[in-house]
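Given only the sequences and the hints, what does the whole structure look like? Please build it.
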Amino acid sequence: KNEVEQSPQNLTAQEGEFITINCSYSVGISALHWLQQHPGGGIVSLFMLSSGKKKHGRLIATINIQEKHSSLHITASHPRDSAVYICAVDTSGSRLTFGEGTQLTVNP
Amino acid sequence: DAGVTQSPTHLIKTRGQQVTLRCSPKSGHDTVSWYQQALGQGPQFIFQYYEEEERQRGNFPDRFSGHQFPNYSSELNVNALLLGDSALYLCASSRDRGGPDTQYFGPGTRLTVL
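Read top to bottom, the protein sequences are chains A and B.
Just so you know, we're using the working numbering here: the first sequence kicks off at 1 and counts up by one.
Just so you know, we're using the working numbering here: the second sequence kicks off at 1001 and counts up by one.
To be clear, the hints were calculated from the coordinates, so they are not data collected in a lab.
Given the structure is predicted, the values throughout are model-derived calculations rather than measurements.
A virtual CB, placed ideally from N, CA and C, is assigned to each residue, including glycine.
There could be a bad hint or two in this list.
[As the list claims (entries may be wrong)] Partial pick of chain A residues on the chain B-facing surface, computed with a CB cut under 10 Å:
hint: 1; residue: 2
hint: 2; residue: 30
hint: 3; residue: 50
hint: 4; residue: 52
hint: 5; residue: 94
[Stated by the list, open to error] Part of the chain B face toward chain A, derived, beta carbon under 7 Å:
hint: 6; residue: 1042
hint: 7; residue: 1043
hint: 8; residue: 1102
[Stated by the list, open to error] Here chain B is said to cover these stretches of chain A; the calculated rule only asks that three of the stretch's residues, wherever they fall, bring their Cβ under 8 Å from a Cβ of chain B:
hint: 9; segment: 34–47
hint: 10; segment: 57–69
hint: 11; segment: 85–92
Structure follows, in structure tokens:
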């Protein structure tokens, strides 16, 4: 069993829909990161969470430390949101363990 | 302010050869981590450099080695290349502040081993 599990693996939505991507982890962490990867490989950091909830534009990330679970929400999704979204946990001194990623496709 | 840069962008090698990949961290960052991402998978941690020393290492063989220079830039060396080493190699930089920090990723080097 992977230390970081994401669901779903693939997600197709219509423009404007509310999207949720889930992440569960089984190890102790100092922080959880949500990342976005576009075709070609570049990775952009979206959020770093240690507790609670963060919001940036249409993106919202939450974490429940007791349940070892985090969610990434996208409100009013847009085709430009299409990308791979990756959950990663910081287990020790900026060493990240990644989930497999969720491929999101938003159709117009 | 330049972000994290990596070179080269793409590289093609044959089995048994050696390769060196380079990474320049974001200005003000002193910690460099290297990751290997096989096609369709999440990145895997290779190792991390801080103060010119390897501070942490993932489950990779000794064929993978690295270096960090006084200006915080870093190299990843892979010897005796195998077909399975074909992957996207990502470098990430951060600041050592005694706790978790946002990591900034470079564009990656795509290595193909034939």
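Going through the hints against the structure:
Because the smallest distance between the Cβ of residue 2(A) and any Cβ of chain B comes to about 9 Å, under 10 Å, the interface hint for this residue holds. Annotation: residue 30(A) was flagged as interfacial toward chain B, and the flag holds, the nearest CB pair being 5 Å apart, inside 10 Å. Interface hint at residue 50(A): satisfied, since its Cβ lies 7 Å from the closest Cβ of chain B, which is below the 10 Å cut-off. A distance limit of 10 Å between C-beta atoms decides the matter here; for residue 52(A) the minimum to chain B is near 15 Å, and the interface restraint is violated.
Of the supplied interface hints, the one on residue 94(A) holds, with its beta-carbon coming within about 5 Å of a beta-carbon of chain B, less than 10 Å. Below 7 Å, beta-carbon pairs count as interface contacts, and residue 1042(B) has one with chain A at about 4 Å; its hint therefore holds. Annotation: residue 1043(B) was flagged as interfacial toward chain A, and the flag holds, the nearest CB pair being 5 Å apart, inside 7 Å. Restraint check, residue 1102(B) versus chain A: the minimum CB separation of about 5 Å is within 7 Å; hint holds.
Look at the segment 34–47 of chain A against chain B: 7 of its residues bring a Cβ nearer than 8 Å to a Cβ of that chain, three or more, so the hint holds. Under a criterion of three residues with beta carbons nearer than 8 Å to beta carbons of chain B, the stated coverage of the segment 57–69 of chain A fails, only 0 such residues being counted. Only residues whose beta carbon comes within less than 8 Å of a beta carbon in chain B count, and the segment 85–92 of chain A has 4; three or more means the coverage holds.
Checked against the numbered hints above, the structure violates hints 4, 10; every other hint is satisfied.
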